[in-house]
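A.B. asks: As a plain string of letters, each chain reads:
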Amino acid sequence: MSKEAQKEKSMVLQKEMVEGLFNDLANAKELGKKVCYTFIPGNLSELIRTFDMLPVYPEINALQSAMRKKSAAYIKEAEKNAHSEDVCTYVKCDVGMLMKGNIGPTGQKIPDPDVLLLSYTGCFTFLKWFETLKREYPDAKVIMVHTPYQENAEMTPEMTQYMVKQFKEEVIPQMEEVTGIKYDEAKLKEHLRLSAKAEDLMYEIFQTTKHKPSPIDAYFAGVYYIGPINIGFRGTQKAVDYYEELLKEINIRIENGQGPITPEGEMKEEKYRLVVEGPPNWTSFREFWKIFYDMGAVIVASSYTKVGGVYDLGWRHDPERPLEALAEYCMNCYTNLNIPQRIDLLKKCITDYDADGYMTNSIKSCNSFSAGQLGMMREIEDDLEVPVGFIESDLVDPRYFSYSNIKNRLESYFQMLEQRKKLERETESV
Amino acid sequence: MKDLNVLIEECKKHAFDLNFTRAKDWKEEKEGRVLVGYMPIYFPREIIHAAGAMPVGIFGGGDDKQIIKGDAYYQSYICHIPRSIMEIALDKHMDHIDGFIFPSICDVIRNLSGIFKQQKIGKFVKYMDFPQNFLPEIGGVFYQQEMEHVLKYIKELNGVEVTTEALNHSIDLYNKNRQMIEFIYDIRQEHPWRLTIEEVYSIVRAGTVMPVEEHNAILEQVCTHIKEDIGTPQDKIKVVVSGAFCEQPALGLIRAVEEAGCYVVDDDYMLGSRMILGDIDATTDNPLESIAISYINQSQFSSSIYDVHNPKENRLAKIVQDRGADGVVFAAASFCDPSLLDAPIFQNAFDKMGIRYISFQFSENINQYKVIKEQVGTFSDSIKLWEDEPVVV
Ligand code: SF4
Ligand code: SF4
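Going down the list, the protein sequences come from chains A and B.
The first sequence begins at 1 in my numbering and counts up by one.
The second sequence begins at 1 in my numbering and counts up by one.
These are calculated hints, taken from the structure and not from any lab test.
No false leads were slipped in.
Straight-line C-alpha distance at most 27 Å; calculated BS3-like pairs for lysine-lysine:
1) B:Lys120 / B:Lys155
2) B:Lys2 / B:Lys24
3) A:Lys80 / B:Lys370
4) B:Lys120 / A:Lys347
5) A:Lys80 / B:Lys373
6) A:Lys165 / B:Lys152
7) A:Lys141 / B:Lys318
8) B:Lys352 / A:Lys76
9) A:Lys347 / B:Lys123
10) B:Lys120 / A:Lys348
11) B:Lys352 / A:Lys80
12) B:Lys69 / B:Lys120
13) B:Lys69 / A:Lys347
14) B:Lys352 / A:Lys141
15) A:Lys76 / A:Lys100
16) A:Lys187 / A:Lys168
17) A:Lys210 / A:Lys9
18) B:Lys65 / B:Lys24
19) A:Lys347 / A:Lys212
20) B:Lys352 / A:Lys100
21) B:Lys312 / A:Lys141
22) A:Lys168 / A:Lys189
23) A:Lys76 / B:Lys312
24) A:Lys80 / B:Lys312
Here are the computed distance ranges between Cβ atoms for each label pair:
25) A:Asn102 / B:Asn348: 13 to 23 Å
26) A:Glu16 / B:Leu90: 53 to 63 Å
27) B:Asp64 / A:Glu381: 28 to 38 Å
28) B:Asp64 / A:Asp24: 57 to 67 Å
29) A:Arg378 / B:Gly32: 33 to 43 Å
30) A:Glu381 / B:Val6: 49 to 59 Å
The structure displayed is predicted, hence computed values, not measured ones.
Note that beta-carbon positions come from the ideal geometry of N, C-alpha and C, so glycine has one too.
Starting from the given sequences, assemble the full structure and let the hints guide the process.
C.D. replies: Here it is, written out as structure tokens:
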């Protein structure tokens with residue numbers, strides 16, 4: 001098999017998985033499956049699967065709409081309906097899409113929810129989002145799981161117990177009621193075993209950026225890599241197969257000394273290695289990425305790929321402590337870490353992956369990410385003496401993506417990196 | 001008994017004092033005293049009081065404080081309050097405050113707790129996670145653990161082990177405090193001219209920065225004054241102000257709404273001081289449990305509490321009805337996600353219920369209200385024209 005064909009195999013697998021899910025969703029009634037709307041950070045995929053439900057992720061719908069250039073119209077629709085200009089555009093995009101018939105990325109209608117599972121982590125907007133959806137779907141059952149914040153940089157036994165009690169006394173009984181399926185712990189454990197396997201693989205995949213050149217881009221391509229684990233396939237053999245295949249393909253790239261694949265083919269020269277904080281922009285995703293790869297910049301680590309789980313520090317789903325594992329998973333997603341923890345994690349990335357620079361993409365929509373980013377940036381700059389860059393954009397609102405502005409800023413930033421590198425080379429030669 | 005105007009002036013002096021002088025003086029009066037700052041919205045101040053410390057409400061810099069350093073911490077699309085809190089912290093206005101509590105209301109306040117930790121401001125920083133689970137044996141227990149965490153921090157500073165008696169005594173004092181504040185609102189419901197909303201606001205806000213005993217003494221006198229038939233009624237409609245529960249409008253803006261023709265008969269400006277509806281049981285062997293249960297069962301609706309079982313639009317509509325208000329003024333701090341994300345929920349419901357409303361956004365540091373005043377004036381005039389139409393709930 002040619003290398004290109006091998007590369008494609010993981011993509012094909014992912015495409016099949018996503019299409020399969022949306023097909024199942026379109027036929028949920030016929031398949032007799034209940035539909036569970038939930039969010040990525042803190043998603044309880046394994047539990048949803050244990051009850052044989054199909055997940056819908058409103059954030060994914062929103063970002064897919066943006067990539068298909070539909071978000072502007074959806075946002076406008078929501079704003080016509082009293083939604084403010086100044087709130088998270090994911091919510092407005094989703095609400096607008098709902099008002100326009102809730103047609104998903106594959107052109108099929110997404111079914112109404114039987115359950116709104118609010119197992120949110122690290123963002124208050126999620127709470128408001130489902131309050132809004134509940135009013136649109138009065139028959140849906142709301143299941144609330146409160147994830148305590150790691151305010152003191154720890155997950156205490158009390159916090160875990162609080163969550164486990166919620167699972168036992170609220171979540172599981174309500175899921176049993178909606179689905180008519182009895183809770184089967186053995187089944188959950190099996191899903192968790194597979195989750196841990198996928199997590200190990202994902203960890204290995206993101207570790208490969210230590211190589212020079214890095215074989216992957218851990219932000220722009222990374223957002224595709226985290227797809228299966230985040231959108232409901234965590235805990236399945238399919239996800240394990242996907243990540244095994246992906247790792248195989250990446251390892252071949254390493255053997256061949258190849259850099260990352262971009263939409264325009266392989267990146268030839270790795271000039272700058274960056275760590276990026278903050279979500280990407282989805283409305284001009286390709287143009288945004290192109291500015292980086294045209295300049296020879298590769299992202300060796302990003303915080304965004306950790307929103308659905310932080311696996312860098314050794315944590316994995318433990319099938320022997322199933323409900324505790326679910327609790328810890330929720331508490332350990334990136335935006336549920338406190339600011340000093342986030343700083344430490346980013347510093348570790350910069351050091352471990354030998355990055356030349358640190359870049360913040362500050363997203364107007366997202367206070368969960370953005371509030372505090374400037375202080376974080378300053379500490380990272382002071383402590384590691386690494387050049388820092390800062391740009392502003394939005395997730396799915398094209399009004400807040402200014403191509404020329406961002407390009408100008410990035411060009412100056414890369415110039416600064418170049419000067420710094422030159423200086424280093426000169427010092428070394430002296 | 002002091003003259004009402006003297007009391008009001010006293011309250012104004014304290015309420016907007018960015019040096020927190022009364023709290024500082026209280027601390028200096030006796031060795032080993034501890035001050036604990038808390039951010040909006042709500043915090044059970046009873047437990048701080050019972051631990052021999054004094055709670056100090058921190059509500060941003062208002063329109064007094066020029067922001068220079070704070071802007072370097074917050075992007076332009078984030079509300080104003082975190083930058084003004086940073087400014088007053090970095091300008092050392094809060095150096096005498098020992099610890100800081102950040103109640104869970106939104107991601108901005110939550111992340112600000114991390115910036116305080118990172119900057120090592122205060123001897124302790126606690127983000128207080130209020131339960132979103134409303135079963136006493138689950139969320140209630142978690143809440144008690146959170147309160148115990150705060151008490152542990154205070155004990156590390158002053159060595160005080162709280163007792164059941166002390167807690168019950170503090171609960172009792174704050175019960176009285178809330179009762180008197182509600183009395184003021186109840187009187188104003190029928191006689192809003194006896195005190196302006198600007199005066200009510202100043203009186204209630206002063207209570208967040210002085211010992212509760214002193215505030216209760218002030219409230220007692222205010223209550224006595226307003227039982228008398230003072231002031232002159234004016235031709236104004238009655239409104240409820242909703243949505244300004246965290247970042248506070250400047251006093252001038254609070255005043256402007258009434259000057260534009262609206263008696264504000266209820267509001268959520270100082271929601272934290274009025275959060276618990278009714279008394280907390282001050283007679284039990286487990287006062288922390290009483291506080292937790294009161295939060296679960298007796299809280300006012302709030303943007304920070306998931307409301308699925310008790311929709312907020314119905315609860316606000318009930319306040320409008322109970323207070324005999326003609327409409328609602330939605331006032332949200334610019335870029336305030338919780339408030340702005342609630343707005344469509346309220347407004348869609350009120351359109352159906354036939355409750356009239358207007359909305360505007362503000363920032364704590366704006367002191368030009370001409371446009372808002374005109375808007376409110378037009379609203380008031382239009383309601384006066386429809387005077388006979390009843391509010392449908
Ligand atoms: S605020 Fe941020 S984390 Fe929350 S829903 Fe919006 S984009 Fe997601
Ligand atoms: S004003 Fe609103 S967004 Fe800002 S800190 Fe307060 S609650 Fe949060």
